[in-house]
Amino acid sequence: MESIAIDGVSKRFGDVVAVDDLSLTVESGEVFGFLGPNGAGKSTTINMVLDFITPTAGEISVLGMDAQTESKAVRKRIGVLPEGYHTYDRLTGRQHLEFALESKGANDDPDALLDRVGLDPEDADRKAGGYSKGMAQRLLLAMALVGEPDLLILDEPTTGLDPNGAREMRELVREEADRGATVFFSSHILGQVEAVCDRVGIVRDGHLVAEDTIEGLRDSVSGGETLRIELDRVTDDAVAAAQAVDGVTNAERDAASTTQTLVVSTTGSKTDVLSALEGAGRTVEDFSTEEASLEEVFRSYTTERAEVTA
Amino acid sequence: MSYAAVAKKDFQDGIRSKLLWMLMALFIVSIAGFALWAVLQNTDVGGSGDGEAGLAFGFAYVLSILFLVPVTGLVVSIKSIVRERELGSLKILLSLPHTRGEVIAGKFLGRTGLLTTAILAGYLPAALLFGFGVDNFKMLDFVGFTVVTVLFGIMFVAVGIGASALTKTETQATVAGFVVFIAMYTWNLVFGRVNSTLDLLSGNALSFVERFWMFNLYADMSTAIASLWTDTDSASVVVFNSTTSQPFYLQHWFAFVILALWIVVPLAIGYWRFERADL
Chain B
1 MESIAIDGVS
11 KRFGDVVAVD
21 DLSLTVESGE
31 VFGFLGPNGA
41 GKSTTINMVL
51 DFITPTAGEI
61 SVLGMDAQTE
71 SKAVRKRIGV
81 LPEGYHTYDR
91 LTGRQHLEFA
101 LESKGANDDP
111 DALLDRVGLD
121 PEDADRKAGG
131 YSKGMAQRLL
141 LAMALVGEPD
151 LLILDEPTTG
161 LDPNGAREMR
171 ELVREEADRG
181 ATVFFSSHIL
191 GQVEAVCDRV
201 GIVRDGHLVA
211 EDTIEGLRDS
221 VSGGETLRIE
231 LDRVTDDAVA
241 AAQAVDGVTN
251 AERDAASTTQ
261 TLVVSTTGSK
271 TDVLSALEGA
281 GRTVEDFSTE
291 EASLEEVFRS
301 YTTERAEVTA
Chain C
1 MSYAAVAKKD
11 FQDGIRSKLL
21 WMLMALFIVS
31 IAGFALWAVL
41 QNTDVGGSGD
51 GEAGLAFGFA
61 YVLSILFLVP
71 VTGLVVSIKS
81 IVRERELGSL
91 KILLSLPHTR
101 GEVIAGKFLG
111 RTGLLTTAIL
121 AGYLPAALLF
131 GFGVDNFKML
141 DFVGFTVVTV
151 LFGIMFVAVG
161 IGASALTKTE
171 TQATVAGFVV
181 FIAMYTWNLV
191 FGRVNSTLDL
201 LSGNALSFVE
211 RFWMFNLYAD
221 MSTAIASLWT
231 DTDSASVVVF
241 NSTTSQPFYL
251 QHWFAFVILA
261 LWIVVPLAIG
271 YWRFERADL
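The listed protein sequences correspond, in order, to chains B and C.
When you line the first sequence up against full-length UniProt numbering, it's residues 1 to 310, in that order.
When you line the second sequence up against full-length UniProt numbering, it's residues 1 to 279, in that order.
Extracted from the complex, chain B is given alone in its bound form (with noise of 0.2 Å):
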């Protein structure tokens, strides 16, 4: 079953479109990441799930639900960590948690909830006002467990947290995922949506430009292997070599590097490459392969170049 279908959704605020026709499905149960730069629409898009905006035209549907018109029976059994993280400055943590509880006439144990989240029963006692941006951020994440939801959405979750607060979140998401919920959350920073997503979605510029697991966007961008291969030197001979062999697409000397390397990116064979250089009379030092890194693959589906490939 699918968890949030939208389907050529679009919005316009006056003259500007912040989304554009954007159509993107989470099935039930996975972890699904929601990329993108700031500004790309992201948050606009999580606003029409939630019923925050109106959509200009297109339809969504959460927990086989309509958005727009059942959206209190949809609240009911989502949990959301809005952007931002605005608190009540005057009402403790456990006046928030009480909130909530009472909100969707839940009867989890407060406490526990604090503890799943790491915040100190003590600070929990004390007014949100006072809060660190850490504090508050897994306050409202606890908010968010609160009536064990079907579907969490989580709204740049990690965004304010120090490393270890972001690895807590990465393992609260698994958890929430092991006991069989929807987790869809937006990031621009990639690093953090690697280690927990099922699939991702980026986004530019309204646009979805990709949907696919992590492995298969690695594939579709670089579609092979990046070679650092250190010769004894690196000729003009020796590019044209690698250059030739069938399956190269780029081939140059490293400037960068203090030592005589040269970048070959391929998706054929590698000993071609290697065999290529010795008949070209050149002596393989060293050599090293790497695949393409997320960042380079996010990077190229957010920026200009990229558009071909997407």
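One or more hints might be untrue.
Unchecked claim - Only pairs whose alpha carbons sit at most 25 Å apart, straight line, appear in this in silico DMTMM-like list of lysine to aspartate or glutamate:
1) C:Lys8 x B:Glu98
2) C:Lys8 x B:Asp123
3) B:Lys133 x C:Glu170
4) B:Lys72 x C:Asp233
5) B:Lys76 x B:Glu148
6) B:Lys76 x B:Asp162
7) B:Lys72 x C:Asp278
8) C:Lys8 x B:Glu148
9) C:Lys8 x B:Asp111
Stated by the list, open to error - Which chain B residues face chain C? A few, computed with CB under 7 Å, are given here:
10) Ile53
11) His86
12) Leu91
13) Ala106
14) Thr283
15) Phe287
Unchecked claim - Among the chain B residues that face chain C by a calculated CB cut under 10 Å, a handful are:
16) Val74
17) Lys104
18) Tyr131
Because the hints were derived from the structure by calculation, they are not lab data.
By construction, the Cβ of each residue, glycine as well, lies at the ideal position given by its N, Cα and C atoms.
With chain B held as given, fit chain C onto it using these hints.
For chain C alone, kept in the frame of chain B given last:
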């Protein structure tokens, strides 16, 4: 009972507001303070032959109706929605299963609770002081006036909530609150001027419009409540010559219908805009 959760949250939040504490202090000083003075002077409050202190209490009471209650009603409500909208906490509220209508209803209830608390902070000690300190004190009348005062204040809460749901920024809401306050004060003056220039209404229709002025409304509600245990004329205060029997809409009890309009119409307008707004 979604609105009840919102009301409770809003009350818990608002009761810790320093501005509300200041207004409560004003109620305590003006109402309870002057009541204490009046009792210490041993004057016959509410009876015949008011002394200086009794007059002072009466003055404080009138001032509270003129300024303190309307201002408190607006202060507790005018930013209630727009502030959450500007700060972003409205997204916490609406990510939980509350409809926008329930948010408005809950806020109205919660803020009404704050207003009532502030009023009672002054009126309750005053009632106790008079009850124990003054012989033959007309407690029933005092309670009646207190109830009318709270109802009167609720009207301003409704107007404030409506304005808060209607506006997009706190500044807009503050300006709207100020304009509404002036408009409600000068209702009769402004309408009278417009009416005499354009020659729109006269007779009963004119009297009916005048009933919407906040002070006429207060007077009529007081008469209507007092009429439960005293024998009073059934006409509204706007009718000078009430020797003849008046149509129902010019009788004092109809003030409660007008009060209901002052509450429902602003809330409905606010809801109508807020329900469709992109947040």
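So, going through the hints one by one against the coordinates:
For the given pair, Lys8 of chain C sits about 10 Å from Glu98 of chain B by alpha-carbon distance, which is consistent with the 25 Å threshold. Between Lys8 of chain C and Asp123 of chain B the alpha-carbon distance is near 22 Å, which keeps this suggested pair within the 25 Å criterion. Note on Lys133 of chain B and Glu170 of chain C: the hinted pairing holds, with a Cα-Cα distance of about 24 Å set against a maximum of 25 Å. Distance check on the hinted pair: Lys72 of chain B and Asp233 of chain C sit about 50 Å apart at the alpha-carbon level, beyond 25 Å; violated.
Taking the CA atoms of Lys76 of chain B and Glu148 of chain B, the gap is about 10 Å. The hint holds against a cut of 25 Å. About 31 Å separates the Cα atoms of Lys76 of chain B and Asp162 of chain B, which puts this hinted pair outside 25 Å; it is violated. A threshold of 25 Å between alpha carbons decides the hint, and for Lys72 of chain B with Asp278 of chain C the separation of about 16 Å falls inside it, so the pair holds. Restraint check for Lys8 of chain C and Glu148 of chain B: satisfied, since their Cα atoms lie roughly 23 Å apart, inside the 25 Å limit.
Between Lys8 of chain C and Asp111 of chain B, the direct Cα distance comes to roughly 21 Å. Compliance with the 25 Å bound is thereby established for this hinted pair. With a cut of 7 Å, the hint placing Ile53 of chain B at the interface with chain C holds, because the nearest CB-to-CB distance is about 4 Å. At about 4 Å, the closest approach between the beta carbon of His86 of chain B and any beta carbon in chain C falls short of 7 Å, and the interface hint on this residue holds. Satisfaction of the interface hint for Leu91 of chain B is found here, the shortest Cβ-Cβ separation to chain C being roughly 5 Å, below the 7 Å cut-off.
Look at Ala106 of chain B: its Cβ only gets to about 10 Å from chain C, farther than 7 Å, so that hint breaks. Taking 7 Å as the C-beta contact cut-off toward chain C, the hint placing Thr283 of chain B at the interface is violated, the least distance being around 62 Å. With a cut of 7 Å, the hint placing Phe287 of chain B at the interface with chain C is violated, because the nearest CB-to-CB distance is about 52 Å. The restraint placing Val74 of chain B at the interface with chain C holds, with a minimum CB-CB distance near 8 Å, inside the 10 Å limit.
At about 6 Å, the closest approach between the beta carbon of Lys104 of chain B and any beta carbon in chain C falls short of 10 Å, and the interface hint on this residue holds. For Tyr131 of chain B, the interface hint is violated, since its Cβ never comes within 10 Å of a Cβ in chain C; the closest pair sits about 13 Å apart.
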